[in-house]
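J.: Chains as they are written, first to last, in the numbering used here: chain Y, 892 to 1009; chain S, 140 to 272.
Hints listed in this document are in silico derivations from the structure and should not be mistaken for laboratory results. A few of these clues could be false.
Computed list of lysine-lysine pairs in DSBU-like fashion (alpha-carbon distance at most 30 angstroms, straight line) [what the hints assert, rightly or not]:
no., chain 1, residue 1, chain 2, residue 2
1, Y, Lys-987, S, Lys-142
2, S, Lys-236, S, Lys-208
3, S, Lys-255, Y, Lys-901
4, Y, Lys-987, S, Lys-208
5, Y, Lys-987, S, Lys-267
6, Y, Lys-987, S, Lys-255
7, S, Lys-267, S, Lys-236
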Amino acid sequence: MGTANDLLAKPGVIAVGEYAYRGDRFSYRGALTEEYARMASIMCRATTMGANMEGAMFEALRSGSGLHPPRGWVVHGPAHTVCVIANMFCLLDNTKASINDIVGFMRKELANVTPDMI
Amino acid sequence: MTKLDELMKLPGAMAAFEFRGSGELLEQRIAYPDRIDESILDLLAHMCAANMSIATMQARGWEKVTTMKGFYPVQEFTLIGFDWSVVVSGLHREQYKQAGKFSLPPFMGVVMANDKADYEAAFAILEKQEPVQ
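Looking at chain Y on its own, in the form it has when it is part of the complex (with noise of 0.2 angstroms):
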């Protein structure tokens, strides 16, 4: 978990999670509890798949488009925000946090996990 704890040492991080692609395993640090923590692993794991899903669509429609394969997803609300990259989450508070540094980091450090599991 050293990319885990590098993004919880950056401002805002409220948790970070990793989940199993299959399967319901899980693991997480930060300000959630475990059943909130399980809750939220599932929750990003279905959208996940669902973007997986699109990006494969994407694909079989037009070859080469930039958005295949899918690497991620941000979900942003008024105080709080979900990024998602690889098979790692992060709650972030957004009056602390930058989304560009979150995001750029993680996918400098999730750039080599492969979806092969999906």
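Fit chain S to the supplied structure of chain Y, relying on the hints for placement.
T.: Leaving out everything else, chain S in the frame of chain Y:
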């Protein structure tokens, strides 16, 4: 300048578009027609409409179950692909809902090249308040 034109001025902007809540593409600007065309944007708009709905449902459910606030209403959903990202928002619609309007404005989105993408700048344009008509 329209919001679509403003979105096209973002670094790495490849296309900007408007779509209905049901996903139909309404209007678009395309910087690289050889790479993105109307048919691609139409499918993307339908995907973005679905993603916004799912994210909104999850944000609503999460707030109810955890009592943590600040996720709903979803302001933007961003899909990050290998080389491109797409950011979409329906925040402007919230203003109309709060004003009691039944006819809502369209969702808006922008496709950007990842190596130049400035997500926060895209959010700022999409969140800019406009008068309710």
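J.: Decide, hint by hint, whether the structure agrees.
T.: Checked hints:
1. With a CA separation close to 27 angstroms, the supplied pair Y/Lys-987 and S/Lys-142 stays within the 30 angstroms bound.
2. This hinted pair checks out: S/Lys-236 and S/Lys-208 have alpha carbons roughly 20 angstroms apart, not beyond 30 angstroms.
3. With a C-alpha separation of about 22 angstroms, the suggested pair S/Lys-255 and Y/Lys-901 falls inside the 30 angstroms cut-off, and the hint holds.
4. For the given pair, Y/Lys-987 sits about 16 angstroms from S/Lys-208 by alpha-carbon distance, which is consistent with the 30 angstroms threshold.
5. Taking the CA atoms of Y/Lys-987 and S/Lys-267, the gap is about 20 angstroms. The hint holds against a cut of 30 angstroms.
6. At most 30 angstroms may separate the alpha-carbon atoms for a hinted pair to count; Y/Lys-987 and S/Lys-255 meet this at roughly 22 angstroms.
7. Under the criterion of a C-alpha separation no larger than 30 angstroms, the hint pairing S/Lys-267 with S/Lys-236 is consistent with the structure, at around 16 angstroms.
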